[in-house]
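Enquirer: In case you want the letters, here they are:
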Amino acid sequence: MSEHNQQAVTRYRNNFLQEVEERVEDGEWVKMCMQCGVCAGSCPLGNAWQHTPQKLFMMIRAGKREEVLTSDSMWMCTSCYNCIVRCPRKLPITHIMHGLANYAHRLNLVPKGQPTREVARLFWNSLAKTGRVNELKFSLALYFKDGFVQGIRNALAMQGVGFGLMKARRLNPMELFGGHKCKDPGSLHKMIAKAREIEDRKKGFAS
Amino acid sequence: MAKKQYAFYPGCSSQKGASASNFLTSIGVMCDKLGIQLNEIPDWNCCGASIGYAEGGELPRLAISARNLALAEQHLPGQDMVSGCPACWLSSRETAERLNQFDGLMAETNEALKEVGLNLQGTVKPRHIVEVLIEDIGFAGMKEAVVKPLQGLKVAGYVGCQTNRPFGIAGESFENPQYLDMMVDAVGAEAIAGYDQKVTCCGGALAFSEPDKAQKQIRCIVESAYDHGAEMIVTPCQLCQANVEIYQSEINKKHGTKFAMPVVYYSQLLSVAYGGSVKQTGLDGYIIQPKKLQDIAGK
Numbered sequence: 001m002s003e004h005n006q007q008a009v010t011r012y013r014n015n016f017l018q019e020v021e022e023r024v025e026d027g028e029w030v031k032m033c034m035q036c037g038v039c040a041g042s043c044p045l046g047n048a049w050q051h052t053p054q055k056l057f058m059m060i061r062a063g064k065r066e067e068v069l070t071s072d073s074m075w076m077c078t079s080c081y082n083c084i085v086r087c088p089r090k091l092p093i094t095h096i097m098h099g100l101a102n103y104a105h106r107l108n109l110v111p112k113g114q115p116t117r118e119v120a121r122l123f124w125n126s127l128a129k130t131g132r133v134n135e136l137k138f139s140l141a142l143y144f145k146d147g148f149v150q151g152i153r154n155a156l157a158m159q160g161v162g163f164g165l166m167k168a169r170r171l172n173p174m175e176l177f178g179g180h181k182c183k184d185p186g187s188l189h190k191m192i193a194k195a196r197e198i199e200d201r202k203k204g205f206a207s
Numbered sequence: 001m002a003k004k005q006y007a008f009y010p011g012c013s014s015q016k017g018a019s020a021s022n023f024l025t026s027i028g029v030m031c032d033k034l035g036i037q038l039n040e041i042p043d044w045n046c047c048g049a050s051i052g053y054a055e056g057g058e059l060p061r062l063a064i065s066a067r068n069l070a071l072a073e074q075h076l077p078g079q080d081m082v083s084g085c086p087a088c089w090l091s092s093r094e095t096a097e098r099l100n101q102f103d104g105l106m107a108e109t110n111e112a113l114k115e116v117g118l119n120l121q122g123t124v125k126p127r128h129i130v131e132v133l134i135e136d137i138g139f140a141g142m143k144e145a146v147v148k149p150l151q152g153l154k155v156a157g158y159v160g161c162q163t164n165r166p167f168g169i170a171g172e173s174f175e176n177p178q179y180l181d182m183m184v185d186a187v188g189a190e191a192i193a194g195y196d197q198k199v200t201c202c203g204g205a206l207a208f209s210e211p212d213k214a215q216k217q218i219r220c221i222v223e224s225a226y227d228h229g230a231e232m233i234v235t236p237c238q239l240c241q242a243n244v245e246i247y248q249s250e251i252n253k254k255h256g257t258k259f260a261m262p263v264v265y266y267s268q269l270l271s272v273a274y275g276g277s278v279k280q281t282g283l284d285g286y287i288i289q290p291k292k293l294q295d296i297a298g299k
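Chains as they are written, first to last, in the numbering used here: chain A, 1 to 207; chain B, 1 to 299.
Incorrect hints may have been included.
What the hints assert, rightly or not - Cross-link-like lysine to aspartate or glutamate pairs, in silico, DMTMM-like; alpha carbons within 20 Å at most:
1. Lys154/B x Asp196/B
2. Lys114/B x Asp184/A
3. Lys90/A x Asp196/B
4. Lys183/A x Glu40/B
5. Lys258/B x Asp227/B
6. Lys167/A x Glu250/B
7. Lys129/A x Glu250/B
8. Lys183/A x Glu115/B
9. Lys16/B x Glu175/A
As the list claims (entries may be wrong) - Sample of chain B residues at the chain A side, in silico, Cβ under 7 Å:
10. Gly57
11. Glu115
12. Gly194
13. Ile246
Claimed, not checked - Between beta-carbon pairs, the in silico distance windows are:
14. Gly41/A x Asn119/B: 36 to 46 Å
15. Ile152/A x Lys114/B: 41 to 51 Å
16. Arg89/A x Gln101/B: 11 to 21 Å
17. Gly113/A x Lys254/B: 46 to 56 Å
Calculated from the structure, these hints are not laboratory results. Bear in mind the structure is a predicted one, so any value in this text is a computation, not a measurement. All residues carry an ideal CB built from backbone N, CA and C; glycine is no exception.
Next comes chain A alone, as it looks inside the complex:
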């Protein structure tokens, strides 16, 4: 168990709802859910969720900490915002799903190899490095995340799409050598680090 996870378990004991309210983005809304299930029925990937948002909210209230945080359900969120606009109680459901995923990620409780977590991590790293996402490096990092051989396989499988985009001038091989970026990535790194430091202090991640 990670150190942060151990601290959270000790601090909140059996009150997982309180933990979510204090540490998960928009978590204070969870208790407002009235279990109507509109979110579950509105989700484009609804049938891929082991636990729909409605179920997750009830599980949080029932204190099912491990089941919730190790679930890969919230990683199925496509950020379509259907659930947000349809929720009769106006819960910011999409944000809560993002918040739960982020919290599970920070506690390192996400199922190993969860693909959306990997994509999200590579995307953020790409933007944080230079200030702007490098689509080519991001895609290649994704193909090669499981090693060189698998990477070549993935790249070959997608080569039709890749060459098509190159021909349409929507993928530039030269992006591999630099590419678009902000003028001073160094200060940008400091800004992101500062924001993270403040957030960690607020959410109890600071050691």
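Starting from the structure of chain A, add chain B where the hints point.
Expert: Chain B only, in chain A's frame:
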């Protein structure tokens, strides 16, 4: 007539050589004819998109969008911040609203912004280009500029998610927004009224991580366009455009379908109707060629 001035946030996908670079090309003629002047925000950064949540958390995500807002405020004071990408618009608008709404968040964000020598007042208003077209130009204005009506072109208006939710266009319905069809009509093309996948999600960033699930969505979006007799799909979203166009070949490979449905931007319909050439309107930037629109543009 003096042009209307806006601070412009292009976003990563619109950069030269990126997946929506032809979108940026396509708005040139449209903005020129409608008297819209877009002034690029110097040194803007990525908004984090929606998928930024996992690693970015809350404050780092707000901070990167706040940096763009602060740059706009400082360099282009008094101008609304306009973006062409729904994800950029959503992140910027969400940031602007949250920072003004919740106690302490603005101060915390400004503490982070100090590291890049900026300070945000929170006065700048993030908008989508579509809002500028509808609210500042109007449908009548969009129609007036037409020199080449797109007669006989049957178009499925695919709005997708993030231009439509959670903010959407003021006064529009989340379930069945009308504005895209009205824009199609304004340039003389025929919007397909019964297109039932108008606001279906294309899978978004999960096209990368859960390709089969996303491609199932894309299949519905394309199939319905065929079923309703559309000759092309038109969308306001860069990610929708990319996902729905480029994965058709993958779906064909896996399911034996013969999809070849062009997916273009609304701005290309407008720019072609305003007299733009194939090159000027970015219609040369596709894997699936929008032949009929290219022919009109080439005439």
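Enquirer: Identify every previously stated hint that the structure contradicts and give their numbers, smallest first.
Expert: Violated hints: 3, 7, 12 and 17; rest satisfied.
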